[in-house]
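There are 2 protein chains.
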Amino acid sequence: MSNTLNALVEALRRLPGVGVKSASRMAFHLLQHDREGAQLLAQALQQATTRVRHCSLCHTFTEGEVCATCQDPQRDATKLCVVETPADQAAVERTGAFRGRYFVLMGKLSPLDGIGPRDIGLAKLFERATDGVVQEVILATNFTAEGEATAHVIGEALKQRGLRVTRLARGVPAGSELEYVDLGTIAHALVDRR
Amino acid sequence: MSNTLNALVEALRRLPGVGVKSASRMAFHLLQHDREGAQLLAQALQQATTRVRHCSLCHTFTEGEVCATCQDPQRDATKLCVVETPADQAAVERTGAFRGRYFVLMGKLSPLDGIGPRDIGLAKLFERATDGVVQEVILATNFTAEGEATAHVIGEALKQRGLRVTRLARGVPAGSELEYVDLGTIAHALVDRR
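If you read the protein sequences in the order shown, they are chains A and B.
What the first sequence shows, in the working numbering, is residues 1 to 194, in sequence order.
What the second sequence shows, in the working numbering, is residues 1 to 194, in sequence order.
Quick caveat, the hints were computed from the structure, so don't treat them as lab data.
Among these hints, one or two may not hold up.
For identical chains, the list gives no copy identity; a pair is met inside one copy or between any two copies.
Claimed, not checked - When the alpha-carbon atoms are kept at most 35 Å apart in a straight line, the in silico DSBU-like pairs for lysine-lysine are as follows: (1) Lys124 / Lys21; (2) Lys21 / Lys79; (3) Lys159 / Lys79; (4) Lys124 / Lys159.
Next up, chain A with everything else stripped away, as it sits in the complex (with noise of 0.2 Å):
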């Protein structure tokens, strides 16, 4: 294969979930049926990694300086919802239950993989929660171990700094059959029954 092909088989491969035969796919199918779609990409690329950056107060990607759901004057900024990725967020704001603001870790706290406190912002967090303004953090970190353990380290210290902590209610999901739910998550709903 040319050198050029080869690179770009190597660039593909950096991307998550992409193997050596998915990448050599992928650069078979821009290449030979949509090469428009390429240069699309390389432009999206370009654009993105040059204008995109952290809102210096939600730390979720935006172009200016403050993001726009910080900025909207709409917003509740007595609750904030602390979530991993913007994608997350984006999945509490289709809800519309919501309408306080954010804070985006970019990440959850993960020792293993080397990820601490400082490299999810909970500094900037802490600065944020303890502004006088917000009354309530809710975590809206994923259930999973990590995502529970990071819950639980900001919940912890944000109480200390006598701050109302929330997380959202563990129970059955909307639609399903108690038969086919998981033991864990029933028993949980026995205990926050309401």
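Model the placement of chain B on the given structure of chain A, informed by the hints.
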């Protein structure tokens, strides 16, 4: 999400096998953890789309007028192996069992997808196969319905032109146990026994 980020996700979705969730995950990964990789990928795409074209003899991807394999004087010009893609060519090369030349269709006949003889360069193939030097054409298209149909069409046309046409042998894969081999494969291996 910002427009630049949306554009990146949309561009990544044009890659084969990538849906909106994978594309979002890729964009997040590149911007949060691997901006250098994103820059590299942008450059590689740019260079590949401007530099890579088709070999004028065998149609595979190359940067020059003629690819390295077609230029190699050590290759046996009397044998021409027809494959669907550069990846298939690489698979045949890795065996070390073929020292002839190749013709890469860059696809396969697929009437349902509107891919006809012109799209896979059959006129060029017939021209090359009947240059007076080629004595045997080995059909190494895939053993799928479309690959078989493509081999059939090419084979019939070349036989009419008086060429020797062979097809890769079908049979039991090396290292496999008969118990687990599908019936069609065993039936072919019986017919083609030697």
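How the hints compare with the structure:
1. With identical chains, the CA atoms of Lys124 and Lys21 are at most 35 Å apart between copies only, with a shortest distance of 28 Å across copies and 42 Å within one.
2. Taking the shortest Cα distances, Lys21 and Lys79 sit within 35 Å of each other only across copies (28 Å), while inside one copy they are farther apart (46 Å).
3. In the homo-oligomer, the alpha carbons of Lys159 and Lys79 lie at most 35 Å apart inside one protomer (15 Å), although the nearest pairing across protomers, at 77 Å, exceeds that limit.
4. Only within a single protomer do Lys124 and Lys159 lie at most 35 Å apart by alpha-carbon distance; the minimum there is 16 Å, versus 75 Å between protomers.
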